[in-house]
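Trainee: Using the sequences and the hints given, assemble the complete structure.
Here are the chains, one letter per residue:
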Amino acid sequence: MRHFLTLFSHELRMLLIAPATYVASVLFLLLMGLIYLLVLNEAGTRESDLPPSVLFFQVFWVPVFFMVPLLTMRSIAEERRLGTLEALMTTPATAFQIVLSKFLGAYVFYLLLWGMTIAFPYIAAYGLESTADKQSVLEIAPMMGGYLFIALSGLLYIALGIFASSLTRSQLVAGMLCFSLLFIIVISGQLLLRLPVQDFSWMHWLDAPLEYIRSFKHLEDFSRGMVDTRPFVMYLSNAALLLGITTLVVESKA
Amino acid sequence: MESDQPAIEVINLTKCYGPRKAIDGINFEVSRGQVVGFLGPNGAGKSTTMRVLSGIMPATSGVARICGYPVASQSAEVKKRIGYMPESNPLPEDMRVIEYLRYRAHLKEIPTRKIRDRVEEAMEVCELHRKPRRRLIGTLSKGYRQRVGIADAILARPDVIIMDEPTIGLDPHQILGIRNLIDTLRGEMTVILSSHILPEIEICCDKVIIINQGRVVANGTSQSLRQQFLPNTRYRLRTSLSKPNLELILPSVGRELRLHSSMETDLAGVREFIVEAPSTLDLTEAFIDALRARHASIHEIARLQPNLEDIFMSATKRSWDEVLPETNTKKAKQADEEDEEGSETPAQTKA
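Sequence order for the protein chains is A and B.
Per my numbering, the very first residue in the first sequence carries number 383; after that it's consecutive.
Per my numbering, the very first residue in the second sequence carries number 8; after that it's consecutive.
Some hints could be false.
Said to hold, decoys possible - Here are the computed lysine-lysine pairs in the DSS-like style, where the Cα-Cα straight-line distance is at most 25 Å:
#, chain 1, residue 1, chain 2, residue 2
1, B, Lys87, A, Lys635
2, B, Lys138, B, Lys87
3, B, Lys324, B, Lys28
4, B, Lys138, B, Lys121
5, A, Lys635, B, Lys28
6, B, Lys149, B, Lys138
Derived by calculation from the structure, the hints in this document are not laboratory data.
Mentor: Written out as structure tokens, the structure reads:
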């Protein structure tokens, strides 16, 4: 535990002093701001009863696809390339503590980035008082549900990124691997459901598992205020599994 | 159990990278408080051995123990007892020296209230305590980076310090500093270091292990290695005696003497002779007497000690010969000797 705290505070400090952190935050906020603007625009022009927050979270995959690989590809791959992972492994700190500190460091940063977007509705509500409908913009339930979903799914996505990073010493490979894996788990459920194979009766058994892993479905439920325990189990258990595998990888080829 | 256990014990250690054996059944033992130099040509398996000893890499077969704890099965115990400085000395670029050392001190389980003192002490020993203490590691010169690595290795006062080429890239002044540093560690900690700078090893190490092609080819104090690998000492004589006359007096000085070479010098009438003699004898006096008896002028008589470099060349050459297919009788004989040394070298038993 002591080592974990040391490693974790080290991770946070390295995040704070790295220029890349600030560049990534600015880019993230720029993009998210733009998306929010578009969402507001859409909500204004279209006759729909969906609050802007719901629409906003529907494009959660855009930042996930580029932020998660950027955040995580560096972590273990870079340490391995420099050899500092080796130096770390000769101290009494265990591989699991190292992996967990990397994971939580990246996760905290991920949450921080998303957390900053909470300001958007308030800026819209109080800064654009004449144009935005305060009540619909500041509706609290979809926001809470959406952020809860982001926090929960973030566990799995960051764990996936850390896992990809542990497999190689090249950041580029780690990043691409992470991107591909994310693509598979975020989009594949959605895409497979659209395939015509569903029409065949013998493929019906596929419906349930696909429905189970569909991130968009989870998001929909959460932003409607339906907090199901099944996605909790899925994201938590898979994140734990990936971190476990990552620990084994780090141990075996430090 | 602590006191009589050897600090490092390596039994039949083998490590394969695919079909290639990086180290092949090496055996050695280092007792507590010894400073051991690890020598070998590039690719001999020095770094591999050190990496196995520090528990980063599992061996293919064999046993390595640090302070009696097997590296493979009780690596947690081993890690509390070693300070390891890797070959390339990897350091985070964007940390300050003092921050890095404090961070490492926390990781190495130094009690919190002692961390400040230990870090100061390590920095002082490595002469990092003045200007460089708050510099970013990325901006330090190679020599200072080496020192940060060494400071890190000695930080927790571990029982065993493993340093892979600590003096690489240092200027002679800094090397002297490192040598003094290692001298201060002698007796308290066991130090095993690899280096290419042979005089360095010769001066600061109690014991030398030479490995080549994954095998231990020599193991012992530099004195015992001298006897084993270079049984002959050379004397350099500068005298007015002519060559035939010198050959005449050689038997009177000692048996088994052999004239190796003779040449003119800048001084008129003075010749320089190199004479080989068994290294067990000290013949300087005898030479003086013999030359005096002939009324020859003596300009210089020097006993040339074979240094570690000669031993290194001789020991590694032998083991190269061993693997090369062409064998004349002499080489074959040497190869036989080598096989006997496979498990434990005579030098070690002598020592």
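Trainee: Hint by hint, say whether it matches the structure.
Mentor: Hints and how they fare:
For the hint linking lysine 87(B) to lysine 635(A), the alpha-carbon distance of about 20 Å falls within 25 Å, and the restraint holds. Simply put, lysine 138(B) and lysine 87(B) have alpha-carbon atoms about 31 Å apart, too far for the 25 Å limit, and the pair is violated. Distance restraint check for lysine 324(B) and lysine 28(B): the Cα-Cα separation of roughly 19 Å lies within the 25 Å cut-off, and the hinted pair is therefore satisfied. Taking the CA atoms of lysine 138(B) and lysine 121(B), the gap is about 23 Å. The hint holds against a cut of 25 Å.
Restraint check: the Cα-Cα separation between lysine 635(A) and lysine 28(B) comes to about 18 Å, which is no more than 25 Å; the hinted pair holds. As the CA atoms of lysine 149(B) and lysine 138(B) are separated by approximately 15 Å, the hinted pair is consistent with the 25 Å bound.
Going down the numbered hints, you'll see the structure goes against just number 2.
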